[in-house]
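Q: Letter by letter, the chains look like this.
Protein chains: 2
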Amino acid sequence: MNPFMYYNPTKLLFGKGQLDNLAREISRFGNRVLLVYGGGSIKRNGLYDKIIHMLKHANIEWFELAGVEPNPRVTTVRKGAEICKKEKVDFVLAVGGGSVIDCTKAIVVAAKTDEDVWNIISRQTRATDGLPYGSVVTIAGTGAEMSLSSVISDWEKQDKRAWVSSFSRAKFAIVAPTYMTSVPYKQTVNGIVDAMSHVLEHYFNLATNVPIQDQFCESVLRTIIEVAPKLLNDLENYEYRETIAYASTIALSDQLNMGFIGDWGTHHIDHALSAVHDIPHGGGMAILFPHWMRYVLDVENVLKFKQLAINVFQIDSNGKTDIEIANEGIDTLAQHWASWGAPIKLRDYQITDKTLPLIAEKTIETQPKCGNFKRLTKEDVLAILKSSL
Amino acid sequence: MNPFMYYNPTKLLFGKGQLDNLAREISRFGNRVLLVYGGGSIKRNGLYDKIIHMLKHANIEWFELAGVEPNPRVTTVRKGAEICKKEKVDFVLAVGGGSVIDCTKAIVVAAKTDEDVWNIISRQTRATDGLPYGSVVTIAGTGAEMSLSSVISDWEKQDKRAWVSSFSRAKFAIVAPTYMTSVPYKQTVNGIVDAMSHVLEHYFNLATNVPIQDQFCESVLRTIIEVAPKLLNDLENYEYRETIAYASTIALSDQLNMGFIGDWGTHHIDHALSAVHDIPHGGGMAILFPHWMRYVLDVENVLKFKQLAINVFQIDSNGKTDIEIANEGIDTLAQHWASWGAPIKLRDYQITDKTLPLIAEKTIETQPKCGNFKRLTKEDVLAILKSSL
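Line by line, the protein sequences give chains V and H. Counting in the UniProt record's numbering, the first sequence runs from 1 upward without gaps. Counting in the UniProt record's numbering, the second sequence runs from 1 upward without gaps.
Don't take each hint at face value.
When chains are identical, the list treats them as one kind, so a pair holds in a single copy or across two.
[As the list claims (entries may be wrong)] Calculated pairs, SDA-like style, for lysine to any residue (alpha carbon to alpha carbon, straight line, at most 20 Å):
| hint | residue 1 | residue 2 |
| --- | --- | --- |
| 1 | K304 | T208 |
| 2 | K157 | N119 |
| 3 | K171 | P3 |
| 4 | K378 | L232 |
| 5 | K369 | E379 |
| 6 | K16 | T208 |
| 7 | K386 | A342 |
| 8 | K16 | P3 |
Derived from the structure by calculation, the hints contain no laboratory data. Here the structure is a predicted model, which is why all the values come from computation and not from measurement.
Let's have the full structure, built from the sequences with the hints guiding it.
A: Structure below.
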């Protein structure tokens, strides 16, 4: 493995009853809170009322930023930062899934600078400070709660950027599978694919001597493959929700990628794809990942694909070439995702070949070094996109 | 799984070249340092000189506590705390393995109280403050670098206690496999057994719905089983040292036991055993663990033992009862350890049946609730000890 630094001081509070610690955790940092949430599902499932009750009880004053988009916009970030500044907010609480948390990561740095936050997101300048924040996670998949990274869109510019800052590390994450039981089917599938895609990004790396990390990734993938169809047949099952929630938090907590950097090329392509077409990240990954795999698979890297096929998908290797085994693994992954109802082709989102050159262009423009397991050129990206049509 | 809190803010710096960050990491906390080390192997392998050079270069003043025992004594802790108080030390640096780090964990809380530190270690009172500390890990096995717990002996009282405090969390841990290549054979074996025993303690828990955690434990065990004999045949091999070091750090970092508490009964017995007989912890665990397993195995818990046998030791289950499979797994574990030269019986340390009642007495006295997977009485402990003769 490569020398590495692992540092993840986010306090993870996982499971039943952990929400009861919310006010105590917030109070360690402040008593003027910006509550950030999305489309209002937390009002329907009772979580909003519960949180407000807790804040009142603990004499915490709160302000609200509602309506964070599935692909959060920089305009929304600016609104949040403005509230923080005007109301002298000292803590931000994200309640929801990855979009709400990603938006919050940008709000906390935007609230502490006079610079326009897009300059930070687009890496023209660096964040120098940030408000403390925490999250209550009610949608599994993105793993945003234990990670530094955030993805924000400038919709006017059709620009979507992944960025990181040491100030975007949460103080705590309360992962609440109880509130995940009301997440609808389609969103549940997207979350599952997203979590798996994070593990797969880690898995495709060029490091040597990482047997434990490899097996950790395989463990998470095998478990999701086993539990996902059960959950999708029984959306209100707590135990299945718990397992998927745990898998998705671990997937992006840096515990699976100690000693190497994964590929992440497919993520870069999806960011450009969803900057042009406002599609869900999990949906984009379900379409792109098998095509990325088929495109980059060659004799030089076949052993990693073969390992995945055998250790995760239990492909019988008898009498088959390595390439055949690898391809069977990829096909099996794609079949699983399709059988869960994930999108298969770009056309499932009414995307045609018209925008593909633009998407390929944007991919390489925002990420000139696209892919670590396999470095992709603009032509490579376009070929992957075309095969995904 | 059970609801859980995971919080591990120790910064892990792992691998080649990470030692170069030492002065920078220390300087974040102070410039008057107590350097704690053991029997002097760091002087033989050049590490001491390298560290001193770094401290000088960074204008860090240092004081020394050398000669920390393999089972660190409270008398040594007191000495270290005295130096800290007298010299107004603001940071403690442990260089070595688990004993040195455990001793340091006690020094940092002793340095910040007028109370005798044994009162904290024996849980009569709680630590209220602690100096910051970090470690350079040169012996793999204990995983003390990423854990809160510490084990200290009062040799006069033949008393040995495991204790924890939130102030015994390291600021950083530099894990340096480069300096592990000179660890002698026997000490290497003890470290490997120690790391495996931590994973096994986690593995034997009563939680349900922990498929990922189970597989993580199995991944670490399988990897150690595969790599340990290679390392023992090639002690200077960096890659094997790296894998064992990584496994041992992860084993006690709380990443394998999210959502449950493992058994730990065997650890409690070994603490009493080595309070009476000054034997190495890894050696004690190698003797005791297979006997604990055989003693507690029954029809009610056989499935976990069977799972271990099949998933870790690849026992062929064809035509065998669950108990037979379970026992084959235990036998295979014991055979591996014996084949590496780990001690098999208490007699290997010249321990006879004379002291066993005292050891059983002490086990239950210091740990009335002994074992979580299987609660042990004094009679149980005595029976396990007798079978280990």
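Q: Reference check for the pair K369 and E379, CA-CA at most 20 Å: within, between, both, or neither?
A: within (13 Å within a copy, 65 Å between copies)
Q: Using 20 Å as the alpha carbon limit, work out where K157 and N119 are close: within a copy, between copies, both or neither.
A: within (14 Å within a copy, 64 Å between copies)
Q: Quick one: K386 to A342, C-alpha cut-off 20 Å, is that within a copy, between copies, both, or neither?
A: For K386 and A342, the Cα distance is within 20 Å only inside one copy (19 Å; across copies 59 Å).
Q: 20 Å Cα cut-off: does K171 pair with P3 within a copy, between copies, both or neither?
A: between (26 Å within a copy, 18 Å between copies)
Q: At 20 Å max between alpha carbons, let me know whether K304 reaches T208 within a copy, between copies, both or neither.
A: For K304 and T208, only the intra-copy Cα distance (11 Å) is at most 20 Å; the inter-copy one is 32 Å.
Q: Go through the copies and call it for K16 and T208: within, between, both or neither, with a Cα cutoff of 20 Å.
A: between (39 Å within a copy, 14 Å between copies)
Q: If the cut is 20 Å between Cα atoms, do K16 and P3 qualify within a copy, between copies, both or neither?
A: The answer is between: 6 Å across copies meets 20 Å, while 37 Å in one copy does not.
Q: When Cα atoms must be at most 20 Å apart, do K378 and L232 count as within-copy, between-copy, both, or neither?
A: Classified as neither; 37 Å inside a copy, 49 Å across copies.
Hint check: a violation occurs at hint 4 only; the rest are consistent with the structure.
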